[in-house]
Amino acid sequence: MKKISLIALFSVLLLSMTAFVSQNTDGDRLLGVWEPSNGRARVKVEKIGDKYFGRIVWLKEPVEPATGENKTDKNNPDASLRNVPLKGYRNLKDFVYKGGDIWDEGTIYDPLNGNTYSCTIKMTDKNTLDIRGYIGVSALGRTDIWKRLEIKPKKATKK
Amino acid sequence: MRKLHLIFGLTVLAAGQLRSQSDSTGTEDDFSMYNDVDFVDEGAKRYCSPKIEGLSPAQLIYIGYDVQGPYSMKADPLTNRDGNQISGADEMEMAATHGLRLGCNIPVISTTSLVWQMGFNYWQTNFEGMEQALPVGGRNKVIDQHRNAFRTMGLNTTVFKPLNDKQFLLFQGSSDLNGDYTLSNIMPLRYLKYSGAVIWGKRPTEKKQWGVGLARTYRVGELNYIPVFMYNWTDAANKWGTEILFPARAAVRRTINPRNMVFAGFELQGQSYRLYKDETLRPEDLEIRRGEIRLRMEYQFSVKDFLWVSAQAGYRINYRYHSDRLDGGKETLRAFGLVSDAPYAMESTLTNPFYVSISVNLVSP
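Chains as they are written, first to last, in my numbering: chain A, 1 to 159; chain B, 160 to 524.
Rather than coming from a laboratory, the hints here were simulated on the basis of the structure. Idealized CB from N, CA, C, for every residue including glycine. There may be inaccurate statements among the hints.
What the simulated footprint calls covered on chain A by chain B, stretch by stretch (three residues with Cβ under 8 Å from a Cβ of chain B suffice, anywhere in the stretch; the number is not a length) [unchecked claim]:
no., segment
1, 28 to 41
2, 96 to 104
Which residues of chain A face chain B? A few of them, derived with a C-beta cut under 10 Å, are [unchecked claim]:
no., residue
3, Glu61
4, Glu69
5, Lys74
6, Leu81
7, Lys93
8, Ala139
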């Protein structure tokens, strides 16, 4: 009897873990490199713990024209962060996979004005994201469409 | 039993291994690998954004108050349809003109390939100084209507349609009810005034957009069809810029930082106010064609996050304040005298006061 109970318990645990792993795999569809509609930047989405984060890995105009220096987060309201380079900057933070095609509870940062907005991500197809940044309620917001990128393999260099 | 423990342990380890494989602990990338990429979807297109870098933030909701200082209003005699005088000349010293201004612009559709906003606005204008002694011939009937507040209430829409990553179309339309009606006795909707503009534009860089188009407008008080020119620009250092939708408004912008901006420029304002409240005057089908140029300095700043304040001060120059009679219910299209030189029912002259205006705004992402 004790053996049967243990097997039942084990089966339940196994099923739960399978569901957990499967849910995580579904959420991991967000991982990859994406380009916002304006083509001004490219953002790599990564997973840290159970949450999803995105960081800027490419800028169309990486250099500040006035200074010739690499762009930094000069508009950050926190003066101590204004020298942080924009390339590598985490502009998407704390997204939680909510099931289906939704990642929520995150924020998006706009380096152009130093504002952070609440944000919801909806995957409309496997290579397209609706990124909705908003203030307080979703109605007071704007949706941008991001497209998935693939990195071309580097050509082998002759020695 | 030991076997079961072993299987359980292995399963836990395997699950842990699966999780750790999907973790990214922020290993430093070789950023150069992101230079050469392709869209996974071959048909994916890039679209230009409605904004450029450095532009002042768009207002989602605003509430403000506008005050004009003292000025005089001098009216010629008012004539009826047959050209006979029905009210004499008059002059009024206005102590002030002031009123509430509020509105909103809410995104209905906001996607990369289409932005559609709907808005509402309510402006009220109260006139102070109406308690002055009556002239010998009695108060001019049109001037007397300034005992009532003038109101503008309307809906507007803006559609931004990017054609590709460089070109776009912009459509703006509005319908407004302007007159001396009260909120408990609003004018019939047949008195709505419709205006709009269509602009084709280019956005060659992240810091410049320009466009040309055509507008149907009441900005100078009466109906006109005029060409419009848009030019928004920010310099390389993000310090200076222009925000121009000529002839409606134009300003030079000095950006202290993205949360503090100073503007110098002008705005053309105008409405066509229907005189509706006085039932004896109603059959005359009169509308006041108000047009004014506001030379101004403006300071916009963020109080906290998305809450901004706009404070402006300037000089209001009267362009037109004539009363016009609708011919069979139809407006007279004069087009600055090119189409018609029909006389007004009554001409007025206003002196020019200083004004101040302040508003609190919730700005858009």
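Hints, one by one, checked against the model:
Coverage of the segment 28 to 41 of chain A by chain B holds [criterion: at least 3 residues with CB-CB distance below 8 Å; count 8]. Residue count for the segment 96 to 104 of chain A with a Cβ under 8 Å from a Cβ of chain B: 0. That is fewer than the three needed, and the coverage hint is violated. Taking 10 Å as the C-beta contact cut-off toward chain B, the hint placing Glu61 of chain A at the interface holds, the least distance being around 7 Å. Interface hint at Glu69 of chain A: violated, since its Cβ lies 12 Å from the closest Cβ of chain B, which is beyond the 10 Å cut-off.
Taking 10 Å as the C-beta cut-off, the interface hint given for Lys74 of chain A holds, the closest approach to chain B being about 9 Å. Evaluation of the Leu81 of chain A hint against chain B yields a violated restraint, the C-beta minimum of about 14 Å exceeding 10 Å. Hint status for Lys93 of chain A relative to chain B: violated, with the closest Cβ pair at about 13 Å, above 10 Å. Taking 10 Å as the C-beta contact cut-off toward chain B, the hint placing Ala139 of chain A at the interface holds, the least distance being around 6 Å.
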